[in-house]
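So the sequences go chain by chain: A and B.
Here the first sequence stands for residues 1 to 210, where the numbers follow this note's numbering.
Here the second sequence stands for residues 1 to 152, where the numbers follow this note's numbering.
Hints were generated in silico from the structure; no laboratory data involved.
The C-beta atom is built at its ideal place from N, Cα and C for all residues, glycine as well.
Hints are not guaranteed to be accurate.
Okay, the calculated beta carbon distance ranges per label pair [unchecked claim]: (1) Gln142(A) <-> Glu122(B): 35 to 41 Å; (2) His190(A) <-> Asn60(B): 49 to 55 Å; (3) Glu87(B) <-> Leu124(A): 33 to 39 Å.
Calculated lysine-lysine pairs in the DSS-like style (CA-CA distance at most 27 Å, straight line) [to be verified]: (4) Lys30(A) <-> Lys118(B); (5) Lys103(B) <-> Lys30(A); (6) Lys166(A) <-> Lys79(A); (7) Lys30(A) <-> Lys109(B); (8) Lys65(B) <-> Lys30(A); (9) Lys72(A) <-> Lys166(A); (10) Lys118(B) <-> Lys141(A).
Taking beta-carbon pairs under 10 Å as the criterion, some of the chain A residues facing chain B (in silico) [said to hold, decoys possible]: (11) Gly28; (12) Lys30; (13) Ile31; (14) Glu32; (15) Asp35; (16) Asp116; (17) Ile118; (18) Phe119; (19) Pro123; (20) Arg134; (21) Val138; (22) Tyr139.
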Amino acid sequence: MQVRVWDGFIRGFHWLLLATFLGLWFTGGKIEHIDRHEQLGLFMLALLLTRIIWGFVGSESARFQHFLAGPKAIVEYLKAPREFQRFTHNPLGAWSVVALLTVLLAQVGTGLFTDDAIFYRGPLAHLASSDTLRLLTVYHKQIINFIWVLVILHVVAIVVYRLLGKNLVPAMIHGNQAGEGNQRPPVIRHGGWGYLLLAVNCIWIFYFLG
Amino acid sequence: MIRSVKVLVSLGALLITPSLQAEPFENAAEAVEYRQNAFSMIRANFGVLAGMARNEIPFNADEAKTRAQAVYHLSYIPWQGFVGMGENAYEGTEALPGIWQNKADFNNKAEALRSAAKELVEATESGSMNTIRPKFMAVARSCQQCHEQYRD
Chain A
1 MQVRVWDGFI
11 RGFHWLLLAT
21 FLGLWFTGGK
31 IEHIDRHEQL
41 GLFMLALLLT
51 RIIWGFVGSE
61 SARFQHFLAG
71 PKAIVEYLKA
81 PREFQRFTHN
91 PLGAWSVVAL
101 LTVLLAQVGT
111 GLFTDDAIFY
121 RGPLAHLASS
131 DTLRLLTVYH
141 KQIINFIWVL
151 VILHVVAIVV
161 YRLLGKNLVP
171 AMIHGNQAGE
181 GNQRPPVIRH
191 GGWGYLLLAV
201 NCIWIFYFLG
Chain B
1 MIRSVKVLVS
11 LGALLITPSL
21 QAEPFENAAE
31 AVEYRQNAFS
41 MIRANFGVLA
51 GMARNEIPFN
61 ADEAKTRAQA
71 VYHLSYIPWQ
81 GFVGMGENAY
91 EGTEALPGIW
101 QNKADFNNKA
111 EALRSAAKEL
121 VEATESGSMN
131 TIRPKFMAVA
141 RSCQQCHEQY
151 RD
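Please construct the entire structure, taking both the sequences and the accompanying hints into account.
Structure representation (structure tokens):
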């Protein structure tokens, strides 16, 4: 039996986030691509905000309340990973999601307050003192290292699961996962609502910060 | 008698002149202020060109030329402020000690800015943003290449 585990928005979000991240990484630090870098950064802000809102109002499998688990659940999961049968992030992956969203948000947030000391200032640079801009610019250059660590961990985890006999990638493409046992499938919201929310976030973000 | 006075005066001038030429600054703080002000003037003028290059303000050929010329002339100015006055020359500033350790390379980078700025001025003669833009970016890159190595 196939169970719908990831809605259309979550899947699109995931791959858009990856593409946007790669674009940001490529354009980052190259002064001739700064305008493209800013646009991609604003789009990533829209993606992240929409994902966070979707984590409260979206499909059950995407809701933080549904998949976030405490240290006890993580220990239990590590002891017997095969016992975990829910159709959402596992307890460890859940915190990896939160960590990734947090560092990406920190990266996008500091990007709004950068000053390259040549000709570029971030969209919100006028709100901060030059000392603050200097500090946040330094952070912006350092946080990327944390992002790469998490991205590599994420990919390594996918590979390890694959070696252990579980291929997680197809579910992030077509949204379905083989149903095991008799647990209840998650309540899935139509991904279109997520994209509508993304469009609204893009409009106000690009209007006020673009 | 007159001859020996002349010799004395010349000797005296020799003794005085070098100390007048060596340092235009009383102390490191003055040198730091001097160069920071010079960079801030470069940025202010370059910023107007940036606004035009990035379509934030309307292109004005005369204005672009004036600003490019200002950047070019100012590109000769800041370097005298990187004088050898020990730690006071960079403590509490964004200047890295490497400037004083690799003075020859630092001077080459200053020269790179001057030649890029000169080409920018020449490009503004065209009155076309499409000609100016790549030269504008070349100046920005020369700033960045120096900052990467010598600015904290």
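For each hint, the structure was consulted:
1. Gln142(A) <-> Glu122(B): 35 to 41 Å: holds, 39 Å
2. His190(A) <-> Asn60(B): 49 to 55 Å: For Asn60(B) against His190(A), whose Cβ atoms are near 51 Å apart, the range 49 to 55 Å holds.
3. Glu87(B) <-> Leu124(A): 33 to 39 Å: This hint holds: roughly 35 Å between Cβ atoms.
4. Lys30(A) <-> Lys118(B): At roughly 22 Å apart (the allowed maximum being 27 Å), Lys118(B) and Lys30(A) satisfy the hint.
5. Lys103(B) <-> Lys30(A): holds, 26 Å
6. Lys166(A) <-> Lys79(A): holds, 17 Å
7. Lys30(A) <-> Lys109(B): Between Lys30(A) and Lys109(B) the Cα gap is close to 18 Å, so the pair holds against 27 Å.
8. Lys65(B) <-> Lys30(A): Judged against 27 Å, a Cα distance of about 25 Å means the pair holds.
9. Lys72(A) <-> Lys166(A): Holds, because 24 Å separates the two Cα atoms, which is no more than 27 Å.
10. Lys118(B) <-> Lys141(A): Roughly 31 Å separates the two Cα atoms, so the pair is violated.
11. Gly28: violated, 13 Å
12. Lys30: holds, 9 Å
13. Ile31: holds, 5 Å
14. Glu32: Check passed: Cβ of Glu32(A) comes within 5 Å of chain B, closer than 10 Å.
15. Asp35: holds, 6 Å
16. Asp116: Holds. Min distance 8 Å.
17. Ile118: Given a least distance of 5 Å, the restraint on Ile118(A) holds.
18. Phe119: holds, 4 Å
19. Pro123: Not OK, violated: Pro123(A) not within 10 Å of chain B, min 12 Å.
20. Arg134: Holds: closest Cβ of chain B sits about 8 Å from Arg134(A), inside 10 Å.
21. Val138: holds, 9 Å
22. Tyr139: With a closest approach of 14 Å, the Tyr139(A) hint is violated.
Hint violations for this structure: numbers 10, 11, 19, 22, all remaining hints satisfied.
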